[in-house]
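Chemist: Residues per chain, in single letters:
Number of protein chains: 4
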Amino acid sequence: MNFRSDNNAAIAPEILRALNDVNGAESARAYGDDEWSRKLDERFSALFEREARVFTVASGTAANAIALASAAPPWGAILCHREAHIERDECGAVEFYTGGAKLTLIDGVDAKLAPAALNVAVANNGGDIHSPQLAALSISQATERGTIYTPEEVAALGAVARTNGLAFHVDGARFANAVAALGCAPADIACKAGVDLLSFGATKNGAMAAEAIVVFDPKMAGVIERRRKRGGHLLCKGRYPAAQLLAYVEDGLWLRLARRANDLARKLGAAAERHLSAPVQTNQVFIKPGHANIAKLRTAGVEFYDWGAKGSGEARLVVSWNQSEADVEAMRDLLASLR
Amino acid sequence: MNFRSDNNAAIAPEILRALNDVNGAESARAYGDDEWSRKLDERFSALFEREARVFTVASGTAANAIALASAAPPWGAILCHREAHIERDECGAVEFYTGGAKLTLIDGVDAKLAPAALNVAVANNGGDIHSPQLAALSISQATERGTIYTPEEVAALGAVARTNGLAFHVDGARFANAVAALGCAPADIACKAGVDLLSFGATKNGAMAAEAIVVFDPKMAGVIERRRKRGGHLLCKGRYPAAQLLAYVEDGLWLRLARRANDLARKLGAAAERHLSAPVQTNQVFIKPGHANIAKLRTAGVEFYDWGAKGSGEARLVVSWNQSEADVEAMRDLLASLR
Amino acid sequence: MNFRSDNNAAIAPEILRALNDVNGAESARAYGDDEWSRKLDERFSALFEREARVFTVASGTAANAIALASAAPPWGAILCHREAHIERDECGAVEFYTGGAKLTLIDGVDAKLAPAALNVAVANNGGDIHSPQLAALSISQATERGTIYTPEEVAALGAVARTNGLAFHVDGARFANAVAALGCAPADIACKAGVDLLSFGATKNGAMAAEAIVVFDPKMAGVIERRRKRGGHLLCKGRYPAAQLLAYVEDGLWLRLARRANDLARKLGAAAERHLSAPVQTNQVFIKPGHANIAKLRTAGVEFYDWGAKGSGEARLVVSWNQSEADVEAMRDLLASLR
Amino acid sequence: MNFRSDNNAAIAPEILRALNDVNGAESARAYGDDEWSRKLDERFSALFEREARVFTVASGTAANAIALASAAPPWGAILCHREAHIERDECGAVEFYTGGAKLTLIDGVDAKLAPAALNVAVANNGGDIHSPQLAALSISQATERGTIYTPEEVAALGAVARTNGLAFHVDGARFANAVAALGCAPADIACKAGVDLLSFGATKNGAMAAEAIVVFDPKMAGVIERRRKRGGHLLCKGRYPAAQLLAYVEDGLWLRLARRANDLARKLGAAAERHLSAPVQTNQVFIKPGHANIAKLRTAGVEFYDWGAKGSGEARLVVSWNQSEADVEAMRDLLASLR
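First to last, the sequence lines map onto chains A, B, C and D.
Numbered continuously in my numbering, the first sequence closes out at residue 1834.
Numbered continuously in my numbering, the second sequence closes out at residue 1834.
Numbered continuously in my numbering, the third sequence closes out at residue 1834.
Numbered continuously in my numbering, the fourth sequence closes out at residue 1834.
Incorrect hints may have been included.
Identical copies look the same in the list; a pair holds intra-copy or inter-copy alike.
Stated by the list, open to error - Cross-link-like lysine to aspartate or glutamate pairs, in silico, DMTMM-like; alpha carbons within 20 angstroms at most:
#, residue 1, residue 2
1, K1762, E1820
2, K1805, D1602
3, K1791, D1712
4, K1805, D1623
5, K1714, D1623
6, K1534, E1745
7, K1762, D1623
8, K1783, E1578
9, K1534, D1746
10, K1687, E1544
11, K1714, E1530
12, K1714, D1536
13, K1805, E1537
14, K1783, D1828
15, K1534, E1546
16, K1805, E1582
These are computed hints drawn from the structure, not numbers from a lab.
Could you put the whole structure together from the sequences, leaning on the hints where they help?
Modeler: The following block contains the structure:
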């Protein structure tokens, strides 16, 4: 039973079919000058009810780093949660792409940033030549603890960002899970809430390798294109990532896949209720059952990551879009059996 | 008729099938800890008759930049041909990944570097604290003019590199075309000739997006891994690029595809003989028939790039692995009809 | 009365005289190939009882950034105190020179790092490809709160560094004040305690613009030289900074100047005893007398910086090597009068 | 007899006196908030008859690199002469500060760029996402061959720059020698000719370590300030470099010093007339008398640099502001005696 991460899952059949279909064309112009790539902007502009530009890249790390490098100068401060993926899991990719910008870490319950804490961080920036310059705010939606920001919460952060001249970036590696859980329009937690740049993830939710930087400020597009090229993320055969993304959002596939994973995770959460270390709002379940229980799960053949500080006795279980019902049933029993 | 570039071509059926097959596994560990990725080192070590480490990335630009950044310090000089892809077509990716190394450009006939010219460039480096430090040699095989280096020629350059403490990198975006044309073992123009780092391209020759950094010096592996991660090229679903590369080299597929393209290009070359501006040795044909003839080709519906300096009256025709016989026949007639 | 910073002070007469003297030579070879520069290595090797290489730069920020860039790769983690100058006051210079390394911030009383806290930070590093690689430890001596590490304390941190393969760097912008206060040999809190790289400051304690990177590991020298050159800190007229540093350490001048400042600061500390927010161990005095008292000091014409979080009611007073006795007397009375 | 470089010379007495004078103030605010630094903008605005902002740095390399990094993005192309100091002698400082911009090298007689050659280089830039983006033009005045651009020539290059959206930078390490030789107003070869950024050198012509970035476009000032800080070139005791620059331009000192050096160089040039390899227009003399003659000069105790490609039999003689008449007389005789 593999609950390590949704990035362990295979490709959704609809997306694999799209890859096979697009291959029917013997040739297509390179570097995004093909019919699939050209549809992306239009398709995502419709999805977000706002003129948007879409740039595919090969990984979420690339999406985050290129987006933030386009929003923050090398001397910029990027405000984010202490547990943010950009801080914890990208080996300094943001620092690399920005040329050395600084992540200013903020605490917050369940991996979420609150406007008050953000305001304190802003106020504590020296504001002079010796301090990094306040440049961008980055949040994750869903968060690294599987929690979500409501549209109102995103908008409140967006307001603080605007007041302080910060670009507002969302790491949406699991954006689908958030939208599915909230039942809102994508725009409600993006451009309508003040978001300038969105790392729109598809890989964890059924694509092969398709992430997109969605930018709502057309002025940023030129710089993003340059950074993407220099990062080696402008693929010559652009139709393949484009086709993945088009299939992903076609007929609500992305939300169906995410909703299924969310629902199954909720079942696990119910079974593990007294051990939960964060509310189950999307497809991730965090439990803190202690070492003995964790060992019991491992012995039972469950694959998952330990979480939190070393020796914390905490674990993360991630449900994938294609997790089998059988897996979930078995896991539910296991969780219910923990003491 | 599209002779713009081999990167316009679709995916070879064998490789597409491999992608479909690998998707049979519901899940696999991420970041290269899967059975396909684990086979890569072994498979390429056999192919190159030497212990090799293989790192997949999403583009040839990424392969070149990460490889060279691992061989040259920020103050390094990387010696290459004036027409090298790393100089002309990567928007400064090498400079980005290295942190500002300098490309020292060397002239040479047919986009090839000669040992004598390389020695002159080495001698002209100031050799003091004010000059960039001689760090690496990079050649393209096949070259940007479709020409190839024989094993002896590579070895001669490798000897100059070794004498001067230069790491030796080969941009093998069209490595298959070179090996197919030379009829040699891959090692003969790689590790056996002193090459330390090879950008092994598959995308132009039938893959979707699969390039690999092949490194023959195991000490470099750790640094390459770090740079790949920070560049956003460590894909979570590593089995898909791995499966492409495995299928690509399985049963000599890569050489069959390349040989076909080379052969068809030779036919075009024969038809355009008196207009050739470089010898046709692989799958690229360079002609300099003047503006009227170029206009004639365009009018006939042929897609291709102008080449050389602005207004030079030169053109590049690239034959893809899946170029139709009909295309080639028609193009041959057209070329023969040029005055 | 200016207690803003010791970097507001003029040049010590002995050092100014040295500048005048060195100018007697009509010409001298550039870039460190002069008799003064050549003496530096020998002079500092004697001072630190160990073979050392010395590289002058124009600022402490440059010394710190170049030293750390030579010890940490772009994907490195540099462990330091949350209030470290490299984090708070250098606008990301370390990130710039390293190519994007990450500062991992650690809490500790009085701006000091404790071995236990350092061990926790080390243990919490993910240790995999997604986390920055543990690379260096940096402490400030004296600290940003004017406190000092004893030789035993430095050695204890040095032991943790060695155990974990961390390069050990000391930001010694006020190294003289620390040595003067401890009454130890310079080596006792440097190479003998496991320090690899020292930013040896002279500017705050009487020089014009003379800081030095002192490196006890000769293997690092080549890389430092390259980084210094590329940073624009290899001065052509190297004899002038060299002469400053030679005069600075001649006959114990540096310690006399520092001792005087320390002694005067202690007087202020005694007068402000009940408002002290950190122990007075060198030439800095931190008080937290609240807003009314701070306003009173300002009204009395005292120049100084507010300290700590916005609105904390805290202040920093720095005594310079040339602070007048009259200033100190007047300030003492003022401090004693605070309620 | 030292004709190695004008950067070997001592400090002019007027400038040394200014340093002594400024030290009379017991303390002054740091980081440019002192009376001397505050005068700089006004003083240079008057000198250039245009509102200018002035940023002191410790070296010409720093001035060039920070200025160009403020004008060119990381993916920018900076057009310059093949022999430019930024290409040849700064170990990649421009690449470091820009984050990897590319120098596009242009040939030209006597180290000068001609508008026609510049236009060709502009035309040959690919102009697409794969090519570096045309960003800046940089010339040296006086050039690395001691030659000068007339006001008309600078203006012609400025026109090409403006037409193509290039920022225009002048490396003025020997700006004084050019102005003195031309007898023009400084503005005539700077802001009035379309120059946006000037590296204004004083060190080679009598200062200790005082170079300035003079910027005529106030919008660039903020970015320059940030880059200067991160490079470690914002000195705390800013009054000392400021005082040097103020003394340097006071009462035409800079032009008197430069004129003297130019005049003496002209004498040497006259004596070496038949061996000159570039016209003597400022304080540098380039001769190509062959190896035997060069050996003869060295045997006579003359210090100088070989020049040009390895083994070219060429030499550079630089006359300093304080070169003794005796030196020049003796050298004149020696040169006249060459066969």
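Chemist: Hints first: check each against the structure and report whether it holds.
Modeler: Hint check:
Proximity of K1762 to E1820 under the C-alpha cut-off of 20 angstroms is restricted to the intra-copy arrangement: shortest distance 11 angstroms within a copy versus 58 angstroms between copies. Taking the shortest Cα distances, K1805 and D1602 sit within 20 angstroms of each other both inside one copy (18 angstroms) and across copies (18 angstroms). For the homomeric pair K1791 and D1712, neither the shortest alpha-carbon distance inside one copy (50 angstroms) nor that between copies (43 angstroms) is at most 20 angstroms. For the homomeric pair K1805 and D1623, the shortest alpha-carbon distance between copies (14 angstroms) is at most 20 angstroms, but the shortest distance inside one copy (37 angstroms) is not.
Taking the closest pair of Cα atoms, K1714 and D1623 come within 20 angstroms of each other only across two copies (18 angstroms); inside a single copy the shortest separation is 27 angstroms, beyond that limit. Taking the shortest alpha-carbon separations for K1534 and E1745, only the intra-copy value of 12 angstroms comes in at or below 20 angstroms, while the best inter-copy value is 35 angstroms. For the homomeric pair K1762 and D1623, neither the shortest alpha-carbon distance inside one copy (51 angstroms) nor that between copies (32 angstroms) is at most 20 angstroms. In this assembly of identical chains, the alpha carbons of K1783 and E1578 lie at most 20 angstroms apart only when taken from the same copy (17 angstroms versus 33 angstroms across copies).
For a Cα distance limit of 20 angstroms, the shortest separation of K1534 from D1746 inside one copy, 15 angstroms, qualifies, whereas the shortest one across copies, 38 angstroms, does not. Proximity of K1687 to E1544 under the C-alpha cut-off of 20 angstroms is restricted to the intra-copy arrangement: shortest distance 9 angstroms within a copy versus 49 angstroms between copies. When the C-alpha separation of K1714 and E1530 is checked against a cutoff of 20 angstroms, the pair qualifies neither within a copy, at 24 angstroms, nor between copies, at 41 angstroms. Taking the closest pair of Cα atoms, K1714 and D1536 come within 20 angstroms of each other only inside a single copy of the chain (15 angstroms); across copies the shortest separation is 33 angstroms, beyond that limit.
In the homo-oligomer, the alpha carbons of K1805 and E1537 never lie at most 20 angstroms apart, since the shortest distance is 46 angstroms inside one protomer and 35 angstroms across protomers. Proximity of K1783 and D1828 under a CA criterion of 20 angstroms is satisfied intra-copy only: 17 angstroms inside one chain copy versus 58 angstroms between copies. Taking the shortest alpha-carbon separations for K1534 and E1546, only the intra-copy value of 13 angstroms comes in at or below 20 angstroms, while the best inter-copy value is 45 angstroms. Within a single copy, K1805 and E1582 get their C-alpha atoms as close as 17 angstroms, which meets the 20 angstroms cut-off; across copies the closest is 25 angstroms, which misses it.
Violated hints, listed in ascending order, are 3, 7, 11 and 13; each of the other numbered hints is respected by the structure.
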